[in-house]
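Peer 1: Residue strings, one per chain:
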Amino acid sequence: MTPDTTSKIEELVQQVQAIADPGAREVSLELVKAVMSLHQAAIERMLKIVEEKAPGITGAIGADDLLSRVLVLHGLHPDGFETRLSRAIDRLQRHFDSRGAAIEVLEAGPDALRIRFTGKRSGAGATARVTIENAIYEAVPEVGELIIEGIPTEHEAGFVPLASLMAGEPA
Amino acid sequence: MIGAPRSPVRGLAALRRIAFPPPARERCELCATDIGDIHEHLVDPEERRLLCACTACAILFDHSAARRFRRVPRDIRRLAGLRIDDALWNSLGIPIGLVFFFRSSVSNTVVAVYPSPGGPAEVAVEQDLWSELAALDPALGALTDDVEALLVNRIRGARSYFLVPIDQCYKLNGVIRSHWSGFTGGDKLWEEMHQFFEALQQRALPERSHADA
Numbered sequence: 000m001t002p003d004t005t006s007k008i009e010e011l012v013q014q015v016q017a018i019a020d021p022g023a024r025e026v027s028l029e030l031v032k033a034v035m036s037l038h039q040a041a042i043e044r045m046l047k048i049v050e051e052k053a054p055g056i057t058g059a060i061g062a063d064d065l066l067s068r069v070l071v072l073h074g075l076h077p078d079g080f081e082t083r084l085s086r087a088i089d090r091l092q093r094h095f096d097s098r099g100a101a102i103e104v105l106e107a108g109p110d111a112l113r114i115r116f117t118g119k120r121s122g123a124g125a126t127a128r129v130t131i132e133n134a135i136y137e138a139v140p141e142v143g144e145l146i147i148e149g150i151p152t153e154h155e156a157g158f159v160p161l162a163s164l165m166a167g168e169p170a
Numbered sequence: 000m001i002g003a004p005r006s007p008v009r010g011l012a013a014l015r016r017i018a019f020p021p022p023a024r025e026r027c028e029l030c031a032t033d034i035g036d037i038h039e040h041l042v043d044p045e046e047r048r049l050l051c052a053c054t055a056c057a058i059l060f061d062h063s064a065a066r067r068f069r070r071v072p073r074d075i076r077r078l079a080g081l082r083i084d085d086a087l088w089n090s091l092g093i094p095i096g097l098v099f100f101f102r103s104s105v106s107n108t109v110v111a112v113y114p115s116p117g118g119p120a121e122v123a124v125e126q127d128l129w130s131e132l133a134a135l136d137p138a139l140g141a142l143t144d145d146v147e148a149l150l151v152n153r154i155r156g157a158r159s160y161f162l163v164p165i166d167q168c169y170k171l172n173g174v175i176r177s178h179w180s181g182f183t184g185g186d187k188l189w190e191e192m193h194q195f196f197e198a199l200q201q202r203a204l205p206e207r208s209h210a211d212a
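Heads up: the sequence lines are chains E and C, in that order. According to numbering that gives the first Met the number 0, the first sequence holds residues 0 to 170 in order. According to numbering that gives the first Met the number 0, the second sequence holds residues 0 to 212 in order.
Isolated chain C, as found in the complex:
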């Protein structure tokens, strides 16, 4: 069922919206049903756009023949057993220790996205290098196209690796965009980053040891 659309705000109410905005209501971007703060996400791989969705739409659109949208999973896992040595890392040529990798069904390559003063920068990862990386943990070879990512934090001596739903990467981009200052990001950003990874750690499923994997 298609709901009636919201009416545009008219007259002085438009002015009121600016000064005293009403609290936002989360709604499904496909069918306009009200959804809570915790809801499903769909990604549009072509447009690289994230949509908030109700569960029904998330399932429906993920299984539709055209599959324009893919349902974003929820699980976060810390890859505690993963070790990436500096030589392999440096060969990737990524100038910063904060990056996420995902396999794009559109370009059919693994893409690395990292923050830069000009906004998120992205490079395609050479297949050989990715194979070398993926050989380190079976989870990396099994990344679901477009919706799952390897999130790497090697900033200021950290070495943490997470398997995350792609919406977490969008969220991280948002944090970076709101707090980046100067040429290197600034202290405020690194404090926010720290909090982001703490929250990620808390939401992560219980760790599996490397031997179980």
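For reference, chain E alone in the conformation it holds in the complex:
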């Protein structure tokens, strides 16, 4: 599954949720739910069968990038919430470490995940936010909500900081 497929799905989901006609929206959502439930039941059965024939194979399946995403999506990944989360956090820490920034987990539970971002450069926030969001939602999509502290959203940063205006000016 390429990043394109993923973002296309994200976009289509938003479009379905934005359907103005409540009847049409409800039917579309029900269809998605029904198909997902069908796949969930089928994949679960499949995992059970292959695990019986070849014990330990689910670990290998879970390690595959594409299959991992599909398993996580259906709530069937062999690794639990905490394992998947700490793996994602490790990866993010390495990523930000090399860029002079850091993240810290303030609260980690299935209901809410609160992360603090500390960066050296101001203005690097928006990209960092999307990087964190993508990594977390990919690893633990079941998390109730994700709250990232230390990065103003575009909405909050509605004013243009003077520093960023001056940055382009020759000294």
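Hints are supplied without guarantee of correctness; some may be wrong.
[Stated by the list, open to error] List of simulated lysine-lysine pairs, DSBU-like, C-alpha gap at most 35 Å: (1) 170(C) - 187(C); (2) 32(E) - 170(C); (3) 32(E) - 7(E); (4) 32(E) - 52(E); (5) 7(E) - 47(E); (6) 32(E) - 187(C).
Hints in this document: simulated from the structure, not taken from any laboratory.
Use these hints to put chain C onto chain E, whose structure you have.
Peer 2: What follows is chain C alone, placed relative to chain E:
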């Protein structure tokens, strides 16, 4: 303190949300603090919108200078002594025996809201008629603007009157919207209505007799 906002759901997680939604967490719509199932409500009289709030925000915003929001009270009282005769009732011109009345600070009138096949319908009540109605029970003259309502149930022979916080009226609208079918509402709706009023009765403060009022 303004909390950091929730991040939008990205990628496949968006798909997962549709199929297997996580249990909703109630939070204050003003400061995003977690709040339990039982929490305060504020009403925005201009927008006719109800907001869930933590107690601190409910108090704070109710007392702010602008007073854009009003805190919704909690008490429910059954007006057991109230009798509205059919002649007075009919003169109100409301086509159905289920209606709530509240005084709107925005229009400065008493507004009656009742269900109809096209959703909630509303009419302004003539001042004279409301005065006549209010004279029947002192509680009616003392309704707090925007947040308190007289809820009337005269359906299928019922004659019950409650003084309710406005959020109960929103709740009732929700029940009606989810269960209304056909042109007259359908049996399922009237069963739900019955349960709504039973629950209201249970939550009502002990009745005062008409003589005490």
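Peer 1: Of the hints stated earlier, which fail here?
Peer 2: Structure breaks no hint.
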